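Enquirer: Residue-level listing of the chains:
Protein chains: 4
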Amino acid sequence: MNDLDLRNYSVRTDLALEAKEMAETPGSVIPGITSETINDDGIKITRLTVENEQGSHAIGKLPGNYVTLEVPGLRSQDSGLQDRVATQFAKEFELFLKRIGMNKSAKVLIVGLGNWNVTPDALGPLVVENVMITRHFFELMPDDVAPGYRPVSAVAPGVLGTTGIESSEIVQGIVQQSEPDLIIAVDALASKALERVNTTIQIADTGIHPGSGIGNKRKGVTEEIMGVPVIAIGVPTVVYASTIVNNCLEMLSSHFKTQTDNAGPIMGMLHTLDDNERLQLVREVLNPLGHDLLVTPKEVDQFIEDIANIIASGLNAALHDAVDTNNVAAYTH
Amino acid sequence: MNDLDLRNYSVRTDLALEAKEMAETPGSVIPGITSETINDDGIKITRLTVENEQGSHAIGKLPGNYVTLEVPGLRSQDSGLQDRVATQFAKEFELFLKRIGMNKSAKVLIVGLGNWNVTPDALGPLVVENVMITRHFFELMPDDVAPGYRPVSAVAPGVLGTTGIESSEIVQGIVQQSEPDLIIAVDALASKALERVNTTIQIADTGIHPGSGIGNKRKGVTEEIMGVPVIAIGVPTVVYASTIVNNCLEMLSSHFKTQTDNAGPIMGMLHTLDDNERLQLVREVLNPLGHDLLVTPKEVDQFIEDIANIIASGLNAALHDAVDTNNVAAYTH
Amino acid sequence: MNDLDLRNYSVRTDLALEAKEMAETPGSVIPGITSETINDDGIKITRLTVENEQGSHAIGKLPGNYVTLEVPGLRSQDSGLQDRVATQFAKEFELFLKRIGMNKSAKVLIVGLGNWNVTPDALGPLVVENVMITRHFFELMPDDVAPGYRPVSAVAPGVLGTTGIESSEIVQGIVQQSEPDLIIAVDALASKALERVNTTIQIADTGIHPGSGIGNKRKGVTEEIMGVPVIAIGVPTVVYASTIVNNCLEMLSSHFKTQTDNAGPIMGMLHTLDDNERLQLVREVLNPLGHDLLVTPKEVDQFIEDIANIIASGLNAALHDAVDTNNVAAYTH
Amino acid sequence: MNDLDLRNYSVRTDLALEAKEMAETPGSVIPGITSETINDDGIKITRLTVENEQGSHAIGKLPGNYVTLEVPGLRSQDSGLQDRVATQFAKEFELFLKRIGMNKSAKVLIVGLGNWNVTPDALGPLVVENVMITRHFFELMPDDVAPGYRPVSAVAPGVLGTTGIESSEIVQGIVQQSEPDLIIAVDALASKALERVNTTIQIADTGIHPGSGIGNKRKGVTEEIMGVPVIAIGVPTVVYASTIVNNCLEMLSSHFKTQTDNAGPIMGMLHTLDDNERLQLVREVLNPLGHDLLVTPKEVDQFIEDIANIIASGLNAALHDAVDTNNVAAYTH
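Protein chains in written order, with our numbering: chain H, 1 to 333; chain Y, 1 to 333; chain A, 1 to 333; chain Z, 1 to 333.
Mixed in with the good hints, there may be bad ones.
For chains that are exact copies, the list does not tell them apart, and a pair is met inside one copy or across any two.
[Unchecked claim] With a cut-off of at most 35 Å between alpha-carbon atoms, the simulated DSBU-like pairs for lysine-lysine come out as follows:
no.	residue 1	residue 2
1	104	219
2	44	104
3	44	107
4	219	107
5	44	91
6	257	107
Derived by calculation from the structure, the hints in this document are not laboratory data. Just so you know, these numbers come straight off a predicted model, no measurement behind them.
Excised from the complex, chain H in its bound form:
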């Protein structure tokens, strides 16, 4: 596993779903990858498993389970939809807990990665602020805790630029002191498609790896480093300008292909370039002028707050039996 260079893939995405989309050709099946998709009234759930090294090399993601919830309607700030997403998220998350054999009293540490001063990177810290914290009750008055709860703690370790210490090292120290059975790491991601930004949630049992997420992590938050299992929750909140352009050119290309036998006259060589060549070209044009920035939708403040609430509500319901999955939102604010 260690020799797998995940950074070789030039079209940057932290979503296994997008990595699979890029790797597959229409009609084909990628060996070592299984996936199923459920549509539930505006919520599209994809359960993808990278079964082995072959699948891992094919899409550039580590073997493991990845679940993605895509909800384009989240941009409309419909609180009914938000509640439904939180409930679905909770159900999918419970499946992860079962699969890795976590019982109902297993102690959980929630880690909110990212920088709270940079709105699109503040997802993790915002989730940490909104989840129910119970560990101190178990420590200080264990006999008084009502049934249906488990010990949950949560920290936002900051980022290297604001603390001077790798967030991975800070988490390691806290894990050694507080001895959780499971880490849930929440992070903001980069997507390759603007329409997935702030509308998509990924759950994965593979941890957080160096270089993933928005910040430049040099060390991961993984079971290998931490000594306990790590479930990662990620939401794409930014996209490279070059990726927007490249993605649009690909859509143009597909668009014309459906209309004419030969898209060449319309798009010239742009049609024949493969994804990475085209992206390379776009970057060469954009970079010198400072165009190739990471961007985020204008309404980022509200979007991030909404999704952080959904994740916090979902986690509260998934982690504590006493919190009802039918009304998860009542436990956060």
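Using the hints, position chains Y, A and Z against chain H.
Expert: Below, chains Y, A and Z alone, put in the same frame as chain H:
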């Protein structure tokens, strides 16, 4: 003037500089438009005048004076550069004050348009928070005000969606009550080039017109409506995804033209489309998928704060003789 | 009425309830003042009417209706209690609307007085951020508004120190432009009792008068000035240190009186001083040392947010038939 | 030392200076305590040393060095004074560094204790946000760091109620991972005098002990626990209502004593009670009514921000030779 439909121009930009760039062909001169450019160690100042109706129709901007400061280096958060930009801004702003005949005791109302809950639209309210407010001293203890100051007031009227009232109407009411001699209106704009976002400041003596800025204004902040002159200060803080793509295609096109006699084989029909046709095509592809959002760079929180401080410092120096243009930053925080 | 100097009363309180408590002696009835009290499971509602000039002079408050909700339990952040308070507030507020003859389509402007940068003074602006804004729907698409709503707009005019303009003047200008039928003005108040701070809400149909509230208003928000009725909503959020001391001495005095025939030996002259003399003494001691500050409880951030939500929820339910008084909290966040 | 119960002292203060004031009688000298006072144009600096167990028992503070800067003028928000305080603070802090033998390359971890959501408790986290972070440069590119800097890291570990983990344990874990030579712990304190709130800074080489500060710490941040020296920086930001009353009664008592031979007739028994008896009485009266809250001045938002900037500026100058003590403020914002 009234029959000039500024919204006909499908490539949306609030910057006169960009409007001129789009209208002109290399080597040509647009009748009715004069402009000069000064480069001062990383700060590019363009003084553009739309002299008459002919120029106005050519570039789709009202007759008047437009000064643009372009400072790509602002993204590096260099406080020395920030101070120099504030000083240059103050000098250019003083020229506007002189040109419209405002004397040193003329009363000024600074209006910060935009929504403080939406970071890329919060520029105006942030400037209002940082400028020196002096009007109440002149009202309450006129004899105690030190020389070198003028009466300055400032309001952030909010946006239609959060107040239920047009910001233009709120400003009108405040103007009637407080009777300023001049309005300075600060607003966040849309640009057509990502590299200008958060690095460019425009000063114009034409006021704020319906549909300009980020919000959907239906009424303007103009001398016609307010009864006193209006100087507008704008900073592009967002750009449409479709504009990023279109802009990149244009750069690709120019790029290949310099390398080969015929860019056709490389870019196909995309090379021969004119700006608006190509933009139309891009939008048709992006829109159905929810891709055509207004986006802003990831670091928007810091960028907006920096530029708001620059503008506030510059206004303090330009409006009050007692504030030194050589050390304008000391008066804001 | 104009010659009534409300500022003569040296024990500063903006609450009619406290003014009455100070004016009355045990067992006595103050002519011109009627009041009734209802206790509803932790919520104490007092409906007080200053019926005439005699009552007004007796307690130093203008003739009119004052309703106070006292809820000591609000400090425990119990969301069930918060919902009940919002519902009770809505019911009391509806009685005010009926009493002044406002029909269900009367247009309302909510004014959030105070300074959003000073947490204990940010109540008004926070309420404005959380109420439902509907006026623009009635203006822009009157035929599409669902039944059960009325036109509501809301502004936070800032304070003299940050705008340079009296908030009263700003409101006047906005009223002239937007022509509401009723103004609801929300403001933070000073109390004379620490236990009422952030636990008490007052509704009054007498408007906001110069010198009331936390800021130093020189002009009021009253029907006389605005031309339309004004209902004031106030929450005490601060108390003078000297008032805390004076209040405690009074409690000590009462305490010993119930235990002994003569509190003199225990409290000396402090027992025989009347309220104002004692306060004067306390101030003389505290002032030179900078002790006599306005203070607020440590948890002010959370308390203010909670009460702002209660008021916003209550207003939404009281103003719109379509919003259910049984579940008012769902309409704010 | 371990058997010293610091919590026996019923008048709660975290300031050694106040503890000494309470313990001493006019004209007397407390054995085991030495102190000197310097006045520098509005800044009063007291250097107090608890030399031995005798002194420690006398005032209820651990043996060690305590420096207090009292600056009543800080409430006037004079930026010139703020700069001077930062410079004086830096000089005093450098003396601490020398005394405990820290050389110029010793690695420092700054710990900002407290809760960033509770303004009067947010001092520590705010200092952490404003200090220069350099450790990662030393780790990632040690050869490129300019001379005159040392490795500085900084974390805000949160509070038990928001993380579920003792802040002391979090710091321990981070210390084990990042291996600093010195910890600087910044915390908000309780004072016994309202006029010292937000105007006083204490530096002590005794660390942070259980129960000190605003939160309820059960474990300290001390050399014993952390394995490296700990310098504590504290600012009183809150005071108990009962302490305000008690303090005022003491002042009344002193006041009348200077005017008359016998204050008894004026203050009765209140004059003869000792400090703790009187406080007990005050608490008995205030507590049942919910009056005995921790309070903070109304302007807490601005005061905390100002003092956090002063401390951050002072630390930057004291820790890095390359930062000039004559212009420390330029390095923070």
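Enquirer: Determine for every hint whether it applies to the structure shown.
Expert: Against the structure, the hints:
1. 104 to 219: both (30 Å within a copy, 29 Å between copies)
2. 44 to 104: This pair counts as within: shortest intra-copy Cα distance 28 Å, inter-copy 43 Å.
3. 44 to 107: within (30 Å within a copy, 43 Å between copies)
4. 219 to 107: both (24 Å within a copy, 22 Å between copies)
5. 44 to 91: within (14 Å within a copy, 43 Å between copies)
6. 257 to 107: Neither way: residue 257 and residue 107 sit 53 Å apart in one copy and 56 Å across, limit 35 Å.
The earlier numbered hint that this structure contradicts is number 6, and it is the only one.
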